[in-house]
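> Could you build all of it, start to finish, from the sequences and the hints given here?
Chains as they are written, first to last, in this note's numbering: chain A, 1 to 306; chain B, 1 to 448.
One or more hints might be untrue.
Unchecked claim - Residues from chain B that keep clear of chain A, each with C-beta distances beyond 10 Å, as calculated:
{"#": "1", "residue": "Asp19"}
{"#": "2", "residue": "Thr33"}
{"#": "3", "residue": "Ser234"}
{"#": "4", "residue": "Ala244"}
{"#": "5", "residue": "Leu303"}
{"#": "6", "residue": "Gly309"}
{"#": "7", "residue": "Phe336"}
{"#": "8", "residue": "His405"}
To be verified - Calculated lysine to aspartate or glutamate pairs in the DMTMM-like style (CA-CA distance at most 20 Å, straight line):
{"#": "9", "chain 1": "B", "residue 1": "Lys192", "chain 2": "A", "residue 2": "Asp138"}
{"#": "10", "chain 1": "B", "residue 1": "Lys15", "chain 2": "A", "residue 2": "Asp19"}
{"#": "11", "chain 1": "B", "residue 1": "Lys15", "chain 2": "A", "residue 2": "Asp20"}
{"#": "12", "chain 1": "A", "residue 1": "Lys245", "chain 2": "B", "residue 2": "Glu315"}
{"#": "13", "chain 1": "B", "residue 1": "Lys15", "chain 2": "A", "residue 2": "Asp29"}
{"#": "14", "chain 1": "B", "residue 1": "Lys15", "chain 2": "A", "residue 2": "Glu255"}
{"#": "15", "chain 1": "A", "residue 1": "Lys11", "chain 2": "A", "residue 2": "Asp158"}
{"#": "16", "chain 1": "A", "residue 1": "Lys245", "chain 2": "B", "residue 2": "Asp23"}
{"#": "17", "chain 1": "B", "residue 1": "Lys15", "chain 2": "A", "residue 2": "Asp295"}
{"#": "18", "chain 1": "A", "residue 1": "Lys245", "chain 2": "B", "residue 2": "Asp19"}
{"#": "19", "chain 1": "B", "residue 1": "Lys15", "chain 2": "A", "residue 2": "Asp294"}
{"#": "20", "chain 1": "A", "residue 1": "Lys253", "chain 2": "A", "residue 2": "Asp242"}
{"#": "21", "chain 1": "A", "residue 1": "Lys253", "chain 2": "B", "residue 2": "Glu22"}
{"#": "22", "chain 1": "A", "residue 1": "Lys302", "chain 2": "A", "residue 2": "Asp242"}
{"#": "23", "chain 1": "B", "residue 1": "Lys15", "chain 2": "A", "residue 2": "Asp222"}
{"#": "24", "chain 1": "B", "residue 1": "Lys192", "chain 2": "A", "residue 2": "Glu33"}
{"#": "25", "chain 1": "A", "residue 1": "Lys253", "chain 2": "B", "residue 2": "Asp19"}
{"#": "26", "chain 1": "A", "residue 1": "Lys278", "chain 2": "A", "residue 2": "Asp222"}
{"#": "27", "chain 1": "B", "residue 1": "Lys192", "chain 2": "B", "residue 2": "Glu22"}
{"#": "28", "chain 1": "A", "residue 1": "Lys253", "chain 2": "B", "residue 2": "Glu29"}
{"#": "29", "chain 1": "B", "residue 1": "Lys15", "chain 2": "A", "residue 2": "Asp22"}
{"#": "30", "chain 1": "A", "residue 1": "Lys245", "chain 2": "B", "residue 2": "Asp287"}
{"#": "31", "chain 1": "A", "residue 1": "Lys53", "chain 2": "B", "residue 2": "Glu218"}
{"#": "32", "chain 1": "A", "residue 1": "Lys253", "chain 2": "B", "residue 2": "Asp23"}
{"#": "33", "chain 1": "A", "residue 1": "Lys245", "chain 2": "A", "residue 2": "Asp295"}
{"#": "34", "chain 1": "B", "residue 1": "Lys15", "chain 2": "A", "residue 2": "Asp243"}
{"#": "35", "chain 1": "A", "residue 1": "Lys136", "chain 2": "A", "residue 2": "Asp9"}
As the list claims (entries may be wrong) - Beyond 12 Å from chain B on every Cβ pair, some chain A residues (computed):
{"#": "36", "residue": "Asp158"}
{"#": "37", "residue": "Asp243"}
{"#": "38", "residue": "Glu267"}
{"#": "39", "residue": "Ser270"}
{"#": "40", "residue": "Lys271"}
FYI, nobody ran anything at the bench for these hints, they're computed from the structure.
Positions of the beta carbon are idealized from the N, C-alpha and C atoms, including for glycine.
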Amino acid sequence: MIDKSIQLDNKKFTVGTFDDSDKLLHAVDTLREKGVKIFDCYTPFPVHHLDHKLGYQRTNLTIAAFICGLIGCLSGFTLAYSMNVIDWPMIIGGKPQDITLFTSFIPVMFELTILFTAFGMVFLFFARSGMVHGIKEDLLDRRQTNDHMLLAIDNAEDQTVNNSEIQSILQKEGAIEVRGTVTPFNTSHTSDEDLENSTVIQEEVKVVRSSGSSKKITLSDDEKSSRLSLLKSTLGDASGKDDLKQISGIGPKYEETLNSIGIFTFEQVSKLNADTIKAIEEMTNYFPGRIERDDWMSQANKLMNK
Amino acid sequence: MYSADIRKPLVTGGKTYSDVTEDICRPIENKPTSSWWMGFIIAVILLLVLVVTLVWTVWEGIGTWNVNKSVMWGWDITNFVFWVGIGHAGTLISAILLLFRQKWRMSINRSAEAMTIFAVFCAAIFPLFHMGRVWLAYWALPLPNAFGSLWVNFNSPLLWDVFAISTYLSVSLVFWYLGLIPDIATVRDRAKTKARKFWYGLFAMGWNGSAKSWGRYEVVALILAGISTPLVLSVHTIVSMDFATSVIPGWHTTIFPPYFVAGAIFSGFGMVLTLLLIARYVMNYQDYITTEHLEAMTKVILLTGSIVGVAYITEFVIAAYSGYEYEQYAFANRMFGPYAWAYWTMMFCNLMAPQVFWSKWARTTPWFIFVISIIVNIGMWFERFVIIVTSLHRDFLPSSWVMYHATWVEAGIFLGTFGLFFTCFFLFAKFLPVINMSEVKTIIKDKE
Numbered sequence: 001m002i003d004k005s006i007q008l009d010n011k012k013f014t015v016g017t018f019d020d021s022d023k024l025l026h027a028v029d030t031l032r033e034k035g036v037k038i039f040d041c042y043t044p045f046p047v048h049h050l051d052h053k054l055g056y057q058r059t060n061l062t063i064a065a066f067i068c069g070l071i072g073c074l075s076g077f078t079l080a081y082s083m084n085v086i087d088w089p090m091i092i093g094g095k096p097q098d099i100t101l102f103t104s105f106i107p108v109m110f111e112l113t114i115l116f117t118a119f120g121m122v123f124l125f126f127a128r129s130g131m132v133h134g135i136k137e138d139l140l141d142r143r144q145t146n147d148h149m150l151l152a153i154d155n156a157e158d159q160t161v162n163n164s165e166i167q168s169i170l171q172k173e174g175a176i177e178v179r180g181t182v183t184p185f186n187t188s189h190t191s192d193e194d195l196e197n198s199t200v201i202q203e204e205v206k207v208v209r210s211s212g213s214s215k216k217i218t219l220s221d222d223e224k225s226s227r228l229s230l231l232k233s234t235l236g237d238a239s240g241k242d243d244l245k246q247i248s249g250i251g252p253k254y255e256e257t258l259n260s261i262g263i264f265t266f267e268q269v270s271k272l273n274a275d276t277i278k279a280i281e282e283m284t285n286y287f288p289g290r291i292e293r294d295d296w297m298s299q300a301n302k303l304m305n306k
Numbered sequence: 001m002y003s004a005d006i007r008k009p010l011v012t013g014g015k016t017y018s019d020v021t022e023d024i025c026r027p028i029e030n031k032p033t034s035s036w037w038m039g040f041i042i043a044v045i046l047l048l049v050l051v052v053t054l055v056w057t058v059w060e061g062i063g064t065w066n067v068n069k070s071v072m073w074g075w076d077i078t079n080f081v082f083w084v085g086i087g088h089a090g091t092l093i094s095a096i097l098l099l100f101r102q103k104w105r106m107s108i109n110r111s112a113e114a115m116t117i118f119a120v121f122c123a124a125i126f127p128l129f130h131m132g133r134v135w136l137a138y139w140a141l142p143l144p145n146a147f148g149s150l151w152v153n154f155n156s157p158l159l160w161d162v163f164a165i166s167t168y169l170s171v172s173l174v175f176w177y178l179g180l181i182p183d184i185a186t187v188r189d190r191a192k193t194k195a196r197k198f199w200y201g202l203f204a205m206g207w208n209g210s211a212k213s214w215g216r217y218e219v220v221a222l223i224l225a226g227i228s229t230p231l232v233l234s235v236h237t238i239v240s241m242d243f244a245t246s247v248i249p250g251w252h253t254t255i256f257p258p259y260f261v262a263g264a265i266f267s268g269f270g271m272v273l274t275l276l277l278i279a280r281y282v283m284n285y286q287d288y289i290t291t292e293h294l295e296a297m298t299k300v301i302l303l304t305g306s307i308v309g310v311a312y313i314t315e316f317v318i319a320a321y322s323g324y325e326y327e328q329y330a331f332a333n334r335m336f337g338p339y340a341w342a343y344w345t346m347m348f349c350n351l352m353a354p355q356v357f358w359s360k361w362a363r364t365t366p367w368f369i370f371v372i373s374i375i376v377n378i379g380m381w382f383e384r385f386v387i388i389v390t391s392l393h394r395d396f397l398p399s400s401w402v403m404y405h406a407t408w409v410e411a412g413i414f415l416g417t418f419g420l421f422f423t424c425f426f427l428f429a430k431f432l433p434v435i436n437m438s439e440v441k442t443i444i445k446d447k448e
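Structure, rendered in structure tokens:
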């Protein structure tokens with residue numbers, strides 16, 4: 001029985017993307033309570049209890065481990081006994097040449113137990129998961145191995161509730177992005193240009209953006225200019241340019257974005273207030289609440305006084 | 001998220017998941033820095049020294065070494081035990097600390113395991129070349145002998161060593177690779193170049209982080225940790241039996257297995273600290289390998305160093321108490337004989353020096369830890385030298401007493417193995433994620 005959640009066979013999926021493992025776990029709970037069949041979740045790191053919440057049985061690889069170990073142990077004994085007792089007994093240091101040699105066999109039996117268990121485990125793991133060198137990987141999001149946690153629902157599956165309701169549940173649970181029909185793709189076997197042109201990326205354009213706190217907003221020109229003038233009046237003009245990257249939460253790319261809306265110095269960052277933070281978040285689609293959580297204002301204050 | 005407020009966070013700098021990915025993939029995705037090149041070139045030069053001295057050994061014969069009929073094991077077996085011992089910290093960190101649920105292991109286990117594997121490569125060179133005809137090394141395996149039906153001797157600890165070391169190497173390798181798969185997949189999905197896409201795609205084996213695979217993966221990792229723990233203890237136990245099962249005074253003691261295992265962990269942590277202190281400085285990983293990590297490791301050094309110290313003293317007391325004159329002489333000879341300088345170097349480096357770690361300042365000051373870690377490395381090399389050479393050079397028969405000093409070939413091979421070790425390590429630091437990203441991402445919000 002090969003794992004279907006590694007090879008996705010060109011199915012179509014409804015995918016909710018999360019950036020917080022607690023939200024993902026909660027979403028799994030809610031969906032399963034409603035009787036929705038979840039195909040699988042995809043996370044960049046092991047999320048504890050996720051497999052229990054998805055209703056997966058604990059793997060019986062542990063039993064296999066015991067059997068592999070037993071085979072190893074018996075092989076060690078058979079090897080040593082058949083060579084040193086049956087086939088060609090050697091008299092060394094006056095030691096006996098019968099089953100009492102057993103004590104000398106223990107180290108080899110022990111090592112082979114471990115060797116067989118380890119290799120047996122790893123090969124069974126690969127076999128059970130359908131993993132093999134050179135296989136193409138089926139991804140639903142390029143960042144599922146980086147920082148995105150996905151909840152995937154097979155569109156072909158009969159569900160108790162309809163697809164649009166599933167999508168709205170995902171949105172309510174705090175998914176940063178919900179997509180209706182996602183086809184699996186792979187990165188290492190496709191060139192970047194092909195990827196850009198493929199339907200996968202087209203899908204992303206038609207993303208059903210989730211509502212609520214983490215909504216991605218596109219502003220009209222008027223709205224933009226009103227926010228820009230708000231920033232200008234509160235923060236004042238930049239005198240020179242500081243290395244904003246020193247603030248935790250600002251990377252090189254986001255620094256450029258900030259520069260493009262007229263924020264260049266620590267002094268300006270230190271003057272941020274609730275209104276201006278909101279304006280920045282709306283204009284740059286930055287993670288809502290991050291600026292306050294990371295407390296850029298006092299970080300900037302400290303850096304200013306350095 | 002688990003949180004214990006008396007502890008400091010394990011990852012500092014307020015990192016997000018994608019920050020972790022960015023930071024750790026940076027060396028892989030960018031051109032190597034000039035300090036990388038400098039280190040790598042030095043390592044390759046040392047590696048060439050290894051090649052030259054090994055070729056010379058094979059070409060000219062073991063006579064190029066100063067080992068003789070009394071001291072038949074000299075620097076070669078000293079170095080073998082030294083390198084095998086160094087490997088032990090890697091498995092201890094990734095297996096034993098996993099079983100103990102010590103989360104601080106997560107940002108150091110990858111590099112420590114890599115160190116294990118490279119150290120075992122270095123170790124294997126010595127017994128193989130000491131055989132003289134290295135191309136016949138496969139005779140050590142249980143194969144039917146073409147010159148009669150003679151098999152290997154299962155009574156011999158040297159054969160146990162063949163099984164132990166090869167099991168250790170291969171199990172460490174699969175354990176390491178299993179841990180790498182999710183991270184290789186991360187690099188694959190960020191890859192911009194064709195070559196990177198191909199190679200990381202090949203080794204990621206289609207990993208996509210599905211919850212089903214993760215569930216299985218965690219069980220497999222736990223079982224591997226569970227069996228690696230007795231493995232790591234058994235390996236140095238068996239190495240110690242190479243000595244303990246003989247009748248040579250100074251070797252023939254039952255304290256050897258625990259004493260060797262403690263010494264191995266001690267020396268391994270010494271090397272881990274040396275390497276990580278350099279790596280965290282050069283690669284700017286202070287947020288991942290924090291002073292908390294350093295402090296935890298120095299505590300292990302303090303503990304195992306003290307165990308080793310107690311073992312030295314016990315060994316001496318038992319020799320004195322035994323009333324067995326050969327044993328008593330062996331120890332008197334170690335302390336006051338012609339190799340007394342090596343004995344006292346060992347005592348200073350292993351027994352005294354690590355005791356400074358009772359002080360909090362010493363445990364949290366990187367440059368100072370670095371100095372002590374070097375001292376520990378030196379001390380543990382001398383421990384093996386003292387055990388092997390002082391016991392052999394004066395045994396039961398005074399007419400066969402000799403002195404032993406290494407030749408340039410033996411010294412060159414030892415120096416060269418550092419070249420092999422560091423060449424491997426630099427390549428690893430360039431092509432693979434040095435820190436286990438997927439594990440670190442589970443703890444960036446934790447305090448423990």
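> Could you run down the list of hints and mark each one as holding or not?
Comparing the hints with the structure gives:
1. The non-interface label for aspartate 19 of chain B is inconsistent with chain A: the shortest C-beta to C-beta separation is roughly 8 Å, within 10 Å.
2. Its beta-carbon lying about 18 Å from the closest one in chain A, threonine 33 of chain B satisfies the requirement of being farther than 10 Å from that chain.
3. Non-interface status of serine 234 of chain B relative to chain A is broken: a Cβ of that chain comes within 10 Å, the nearest being about 6 Å off.
4. Annotated as non-interface, alanine 244 of chain B keeps its C-beta farther than 10 Å from every C-beta of chain A; the closest such distance is 13 Å.
5. Under the 10 Å C-beta cut-off, the non-interface status given to leucine 303 of chain B relative to chain A holds; the minimum distance is some 26 Å.
6. For glycine 309 of chain B, the non-interface assignment is confirmed: its Cβ lies about 28 Å from the closest Cβ of chain A, beyond the 10 Å cut-off.
7. Listed as outside the interface, phenylalanine 336 of chain B is consistent with that label: its C-beta sits roughly 34 Å from the nearest C-beta of chain A, beyond the 10 Å cut-off.
8. Taking the minimum C-beta to C-beta distance to chain A, about 33 Å, the non-interface status of histidine 405 of chain B holds against the 10 Å cut.
9. Our distance criterion of 20 Å between C-alpha atoms is met by lysine 192 of chain B and aspartate 138 of chain A, whose separation comes to about 18 Å.
10. Of the supplied pair hints, the one linking lysine 15 of chain B and aspartate 19 of chain A holds, its CA atoms being roughly 14 Å apart against a limit of 20 Å.
11. Between lysine 15 of chain B and aspartate 20 of chain A the CA atoms are separated by roughly 14 Å; this keeps the pair inside 20 Å, and the hint holds.
12. Note on lysine 245 of chain A and glutamate 315 of chain B: the hinted pairing is violated, with a Cα-Cα distance of about 58 Å set against a maximum of 20 Å.
13. Restraint check: the Cα-Cα separation between lysine 15 of chain B and aspartate 29 of chain A comes to about 28 Å, which exceeds 20 Å; the hinted pair is violated.
14. A distance of roughly 17 Å separates the Cα atoms of lysine 15 of chain B and glutamate 255 of chain A; the hinted pair therefore holds under the 20 Å criterion.
15. For the suggested pair lysine 11 of chain A and aspartate 158 of chain A, the alpha carbons sit about 14 Å apart, so the restraint of at most 20 Å is met.
16. With a C-alpha separation of about 14 Å, the suggested pairing of lysine 245 of chain A with aspartate 23 of chain B holds against the 20 Å cut-off.
17. The straight-line distance between the Cα atoms of lysine 15 of chain B and aspartate 295 of chain A is roughly 14 Å, inside the 20 Å bound, and the hint therefore holds.
18. Between lysine 245 of chain A and aspartate 19 of chain B the alpha-carbon distance is near 13 Å, which keeps this suggested pair within the 20 Å criterion.
19. With a C-alpha separation of about 10 Å, the suggested pair lysine 15 of chain B and aspartate 294 of chain A falls inside the 20 Å cut-off, and the hint holds.
20. With a C-alpha separation of about 15 Å, the suggested pair lysine 253 of chain A and aspartate 242 of chain A falls inside the 20 Å cut-off, and the hint holds.
21. For the given pair, lysine 253 of chain A sits about 12 Å from glutamate 22 of chain B by alpha-carbon distance, which is consistent with the 20 Å threshold.
22. A C-alpha spacing of about 13 Å is found between lysine 302 of chain A and aspartate 242 of chain A, which places the hinted pair at or below 20 Å, so the restraint holds.
23. At roughly 36 Å between alpha-carbon atoms, lysine 15 of chain B and aspartate 222 of chain A are farther apart than 20 Å, so this suggested pair is violated.
24. In summary, the hint linking lysine 192 of chain B to glutamate 33 of chain A is not supported, as the alpha carbons are separated by about 42 Å, beyond the 20 Å threshold.
25. This hinted pair checks out: lysine 253 of chain A and aspartate 19 of chain B have alpha carbons roughly 13 Å apart, not beyond 20 Å.
26. For the given pair, lysine 278 of chain A sits about 16 Å from aspartate 222 of chain A by alpha-carbon distance, which is consistent with the 20 Å threshold.
27. A distance of roughly 14 Å separates the Cα atoms of lysine 192 of chain B and glutamate 22 of chain B; the hinted pair therefore holds under the 20 Å criterion.
28. Distance hint between lysine 253 of chain A and glutamate 29 of chain B is fulfilled; the C-alpha atoms sit about 17 Å from each other, no more than 20 Å.
29. Distance restraint check for lysine 15 of chain B and aspartate 22 of chain A: the Cα-Cα separation of roughly 18 Å lies within the 20 Å cut-off, and the hinted pair is therefore satisfied.
30. For the hint linking lysine 245 of chain A to aspartate 287 of chain B, the alpha-carbon distance of about 16 Å falls within 20 Å, and the restraint holds.
31. At roughly 16 Å between alpha-carbon atoms, lysine 53 of chain A and glutamate 218 of chain B fall within 20 Å of each other, so this suggested pair holds.
32. For the hint linking lysine 253 of chain A to aspartate 23 of chain B, the alpha-carbon distance of about 15 Å falls within 20 Å, and the restraint holds.
33. A distance of roughly 14 Å separates the Cα atoms of lysine 245 of chain A and aspartate 295 of chain A; the hinted pair therefore holds under the 20 Å criterion.
34. The straight-line distance between the Cα atoms of lysine 15 of chain B and aspartate 243 of chain A is roughly 18 Å, inside the 20 Å bound, and the hint therefore holds.
35. For the given pair, lysine 136 of chain A sits about 11 Å from aspartate 9 of chain A by alpha-carbon distance, which is consistent with the 20 Å threshold.
36. Separation of aspartate 158 of chain A from chain B is adequate, the least Cβ-Cβ distance of about 21 Å exceeding the 12 Å criterion.
37. Every CB of chain B is more than 12 Å from the CB of aspartate 243 of chain A (nearest about 16 Å), matching its label as outside the interface.
38. At the 12 Å boundary, the C-beta of glutamate 267 of chain A stays outside the reach of chain B, the nearest C-beta of that chain being 22 Å off.
39. No Cβ of chain B approaches the Cβ of serine 270 of chain A within 12 Å, the least distance being about 18 Å, so the stated non-interface status holds.
40. Every CB of chain B lies more than 12 Å from the CB of lysine 271 of chain A, the least distance being 21 Å, so the non-interface label holds.
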